[in-house]
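S.K.: Hints given; two lone chains; assemble the complex.
Protein chains in written order, with the numbering used here: chain S, 51 to 164; chain H, -14 to 326.
If you are wondering where the hints come from, they were derived from the structure by calculation, not from laboratory data. Misleading hints may appear alongside valid ones.
To be verified - List of simulated lysine-lysine pairs, DSS-like, C-alpha gap at most 30 Å:
#, chain 1, residue 1, chain 2, residue 2
1, S, Lys57, H, Lys38
2, S, Lys79, H, Lys3
3, S, Lys82, S, Lys157
4, S, Lys60, H, Lys313
5, S, Lys132, S, Lys79
6, H, Lys38, S, Lys82
7, H, Lys132, H, Lys179
8, S, Lys94, H, Lys38
9, S, Lys82, S, Lys94
10, S, Lys94, S, Lys57
11, H, Lys3, S, Lys82
12, H, Lys313, S, Lys132
Listed below, chain by chain, are the residues.
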Amino acid sequence: MMTDTAKHEKLTQELRRGILVLAALSQLKSAKYGYALIEELSDKGLEIDQGTLYPLLRRLEDQGLLESEWNVEGSRPRRYYKISQAGEELLQVLTDDWLTLVEVMKKLLLIDKE
Amino acid sequence: MELIDRYVHEVGRHLPRKNRADIQVELQSTLADTLEDRVEGEPTQEDVEQLLKEFGSPQQVAASYWPQGQYLIGPSLFPLFRMVLGIVLLVFVIVQLVLFGIALVFNQEVLTFLDVLETFSGMIGSVFTTFGIIVIVFAILQYFEVKPDSEDEEWDPSQLPQIDDEETVSRGGRVAEITFSLVIIAILLFLPDKIGVVLVLNPFTEIILNPVIRTYIPLLIVSILLGVFVDVLLLWRGRWETGTRLAKIGTNLFSIYVLIVLLSGHNAWLAEQGAGGFFSFLEMLDEITISNQESVLIIGMHAFRLAFSIALIVISIETIALVYKLIKSFFVRPTTINLPG
Chain S
51 MMTDTAKHEK LTQELRRGIL VLAALSQLKS AKYGYALIEE LSDKGLEIDQ
101 GTLYPLLRRL EDQGLLESEW NVEGSRPRRY YKISQAGEEL LQVLTDDWLT
151 LVEVMKKLLL IDKE
Chain H
-14 MELIDRYVHE VGRHLPRKNR ADIQVELQST LADTLEDRVE GEPTQEDVEQ
36 LLKEFGSPQQ VAASYWPQGQ YLIGPSLFPL FRMVLGIVLL VFVIVQLVLF
86 GIALVFNQEV LTFLDVLETF SGMIGSVFTT FGIIVIVFAI LQYFEVKPDS
136 EDEEWDPSQL PQIDDEETVS RGGRVAEITF SLVIIAILLF LPDKIGVVLV
186 LNPFTEIILN PVIRTYIPLL IVSILLGVFV DVLLLWRGRW ETGTRLAKIG
236 TNLFSIYVLI VLLSGHNAWL AEQGAGGFFS FLEMLDEITI SNQESVLIIG
286 MHAFRLAFSI ALIVISIETI ALVYKLIKSF FVRPTTINLP G
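This is chain H alone, in the form it adopts within the complex (with noise of 0.2 Å):
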């Protein structure tokens, strides 16, 4: 009986705490009775034997015993965890990528290949650190039992997207504008004294810096942080809808603003040089000795007010389609399907 013993305390080691010391009892006496039913007399260390083995081994019994369903990351929340996973690493490791390439044009000193094995085997340990925190991240969501959809509320047939939808968000469109709002987050915090002119003068390259955007780099990365913020929205949503339109020119004009805060910017300085106006600018061209670093600077801070109102204009008109797109969805219902018949 020994042997008896031996097993249900291996049972015990793997069953849940809650009831342990109640289903020990309860197998033991168990296993007790079926031998006693079984073999008349002292049973032997064979017939124990023979017994537990079609009883199932301890950690196969215990797990009968713990409630169905054990997941880390469970059917319902691993959809999503594929999808964030997939995205959140492509969108890292692009970033580390070309974070790498802009320090490999600024570096001056030679690369060995051991510095490239470095910068490779320290990217790899980060993807694996980012898997990591994502399935933490999951796994408490899991354990808290929270649904990516409320299953209490009812589904609504006629809100079905249609099959050529263009309201559906291209999710590598959003993947890349995190990607790049990413690169340029980086760069603000990172890398705030190689934003500027950069002059090529053999040998050495020189950067001459913008002195203007330094002022505004906390405003530059807000405004790109919830610009970051409203993508994930959509990847989440999946669906361009009033909310979504809502947050998105929301933070459109929010970038509208500090555009013109940076634009205004660089019309004082430029006004301060006597360099103000864009065809005084066109005059300097001509003039132009390109040792001389004060002049470049002048023609790089235009180059950076006509860049910041590209930026602006393309803003503001696709603010502007995201109003008309909302005020339209207001009025049009989507059409029905006729079907024959």
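Isolated chain S (complex conformation) (with noise of 0.2 Å):
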């Protein structure tokens, strides 16, 4: 039997996992290595698992969402990804569906909560 907190944690790794996607794709319009792109969805609010975050990437790319290229100019190599232009229409799509979404959630949790 779960405790709780880990039914909660779970539930909210799950909410999560659905917007890492077009939360990544929005902040990489410019090229990003994967550390910088954690410090800003940091900074903005956004706590992202470094473990979550590689793979997710490297999937993107291999969905051709991404391109990414090495660039060795810096202290050490880095891999630079940056949304693809089957990527930006994808996200396009995305926030659209998104917003909806929101303002749903909003009108069902908020009359719920009156």
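M.R.: The structure is reproduced here in structure tokens:
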């Protein structure tokens, strides 16, 4: 039997998993390497586990939504990711979907509270 | 930093081969970035250990790079796997037990406890082998991503079976039939010298062989195997439909042909012995002395002929019923349910 905190954590994780793709795509209009992306998302209030983000970036690249390139100019080699044409198109659609969803959820949750 | 190298190396061992080096470089530079960000100056051993702990164990990190949902036998194949496994193991165990029983009956020597133990341990061993073979077959299907039902095919709700559907194949009946068939095949293959009339004469049991069946063993096996094949097909489809009915009718017709061949073989043999008619057989019953092998064989052959005749009649009736249902299925649509309102 799971404790209440464990249940809470699991459900939160599930909620967040869905938005990670959207969050990552939204911040990759300019090329960034993984660690910088995590920092940026964290600065804007979204904490992502490193272990989650890197595999996600690779999957998105496999799906053709991201493009990547090694950059060896800095102190160490870094893999820079940038959104692709297909990724941009998908981001547009996903953004609309997300905003609609937020409206609906707001209605549902706030009416319930009253 | 030596600890980081060891960590990256260990992650690499569990990574997919394709991107291994690439992922390792990225991981290394990420760890260095994080460490640089966190610690001013030279990081201590504790700093590095703390960081690696947060990242997670090498196996865990590597696992997240593998494609999601890796299965030996995945959810779409598993129900079929479970069904096949259950049926095959059940049939397998029953066939072995029956053959063991037959061997017991014909064995003149006294069995020791050790013999029984040996037989059963052999049986358990072969159950595991069978299990393994089925798993391997399904793992191969999984590897090539074979799906039990074609997903592109649109399903038709109007084809849903009725709740008390007469067309549903009874699983138990098919399994029983397959088991019985396999026992017969095993006897035909491995014990052909036991097919005949068993004459119990104390203290010896003697078997007088049926001379006709022996010549038709390959034909019999083919016909029974066809039956097994159709039973498996029926279990797979789960329903009587045009295809399965036609297959069953086809194998039945072949069985009828084989039975007729066997019957005429018996007739010819009996005529040769001057005991062709059924009534002459009844007359003989009075005169028979059990010690006379020849007359025992004649009675036995009559019995065989009778058994085959009954089988022929049963199969013919079954076939006629199948043809009737096949024709009916073309004319009668399934009844629709009338909802109130």
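S.K.: For each hint given before, does the structure comply? Return the numbers of the non-compliant ones in rising order.
M.R.: 3, 4, 7, 12
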